[in-house]
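Enquirer: So the chains spell out like this:
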Amino acid sequence: MASRARQWTDQNVEEWIGNLLRVGMTLAAAVVLLGGGIYLLRHGRATPQYHVFRGEPTDLRSISGIVKEALAFQGRGLIQLGLLLLIATPVARVAFSVAAFARERDRLYVVVTLIVLAVLVYSLAGGHL
Amino acid sequence: MNIFEFTLLVGASGLLAGFVGSLTGLGGGIIITPLLALALGVDIRYAIGAALVSVIATSSGAAAAYVREGFSNIRIGMFLEIATTLGAVGGAMLAARISTGAISIIFGLVLLYSAYASSRRRHEGVGDCRPDPLATRMKMNGSYPTPDGPKSYCPQAVPAGFSLMFGAGILSGLLGIGSGAVKVIAMDQAMGLPFKVSTTTSNFMIGVTAAASAGLYLARGYIDPGLAMPVMLGVVAGSVAGARVLPYAKTRWLRLVFGFVIVVMAIEMIYHGLTGRL
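Protein chains in written order, with my numbering: chain A, 2 to 130; chain B, 2 to 279.
Take the hints with a grain of salt, since some may be wrong.
As the list claims (entries may be wrong) - Label-pair distances were calculated between CB atoms; the ranges are: (1) B:146 x A:59: 44 to 52 angstroms; (2) A:103 x B:258: 36 to 44 angstroms; (3) B:251 x A:65: 25 to 33 angstroms; (4) A:128 x B:153: 40 to 48 angstroms; (5) A:128 x B:277: 51 to 59 angstroms.
Just so you know, the hints here were simulated from the structure itself, not pulled from any lab data. Beta carbons are placed, not taken as given, at the ideal position from N, Cα and C, and that holds for glycine.
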């Protein structure tokens, strides 16, 4: 009896999570590489200035700004988008776990996982919630 | 030096940090920040932002490999992540309020402790154990594969583990590291988990913990794409290479040599923090 519940065993969930992490990582690295190539082609000859801290321009700090820069095919914007995908990968993992625990009808762990997800979303929103 | 050469140099540093981090078990994140700050003169805030990103990358990469082998305990990991993520958000907020000198002193101390902890032999918990009522209610008891078939374990002292994890989260958010050493104390020593289980579960948690502070670092402008790009790619490539070489390496000698280098870096961080040069 290959029931639905059986397809959602812990083992299965672990395999799904493994795949999710692998795909997220690969996608993020590919976008970062693409952005890095464009950035180096355009700015490779300039002088780096990392000994003084100035902070990033506002467009490279927020999700909407990063998406705008990336769509304009700016190297730095694309790298930042890749990094955002990288940060989003564990967040997606946690969101997926909420669904997995809900399927297992494990109410305690649905709550536990939702708390973790809330903290992550708060941080991704830049602390403005 | 132009940006192209600088990027190559940072990428090479990332490669080295990832390689050494994976061979010594310290993790690349804790090694790349002193390398960038001390050797390349990068402002420590930029260095921490870039390191944090590489920590997420190595954790996701390693967790993807481990999770299938059935060592990591998702329930224990998820429950303790409440503590580490809250701690990480607190740590990231703290990072904006204290001086870079203080951050570099704390960094040096944590680096020293981590080097000490990784050099010690870890002892395996006893086989037969009495299930802890709280851990049982939280469904944390589990089993893991061994050559003699599955072996069961039952976590103890959940509140103590949870509190230590909060501390690990603060350090992770403050310093942009995975805090593997503190996570291991919480799970090996306080909760009495077998070390295969604690190592893989800790690795599994590191990415989520780092993601909890990364959003705040990004919003504050600490994550520079030009720096984070070669750091992340270098550290990931270095860790993968390290993990490949590990089974064949003469780790005793490697650990001794790298341990010495790491202690020197830690002392430099503390010294520079005290003299206000970082």
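Enquirer: Hints broken by the structure, by number, lowest first?
Expert: Structure breaks hints 2, 3, 5.
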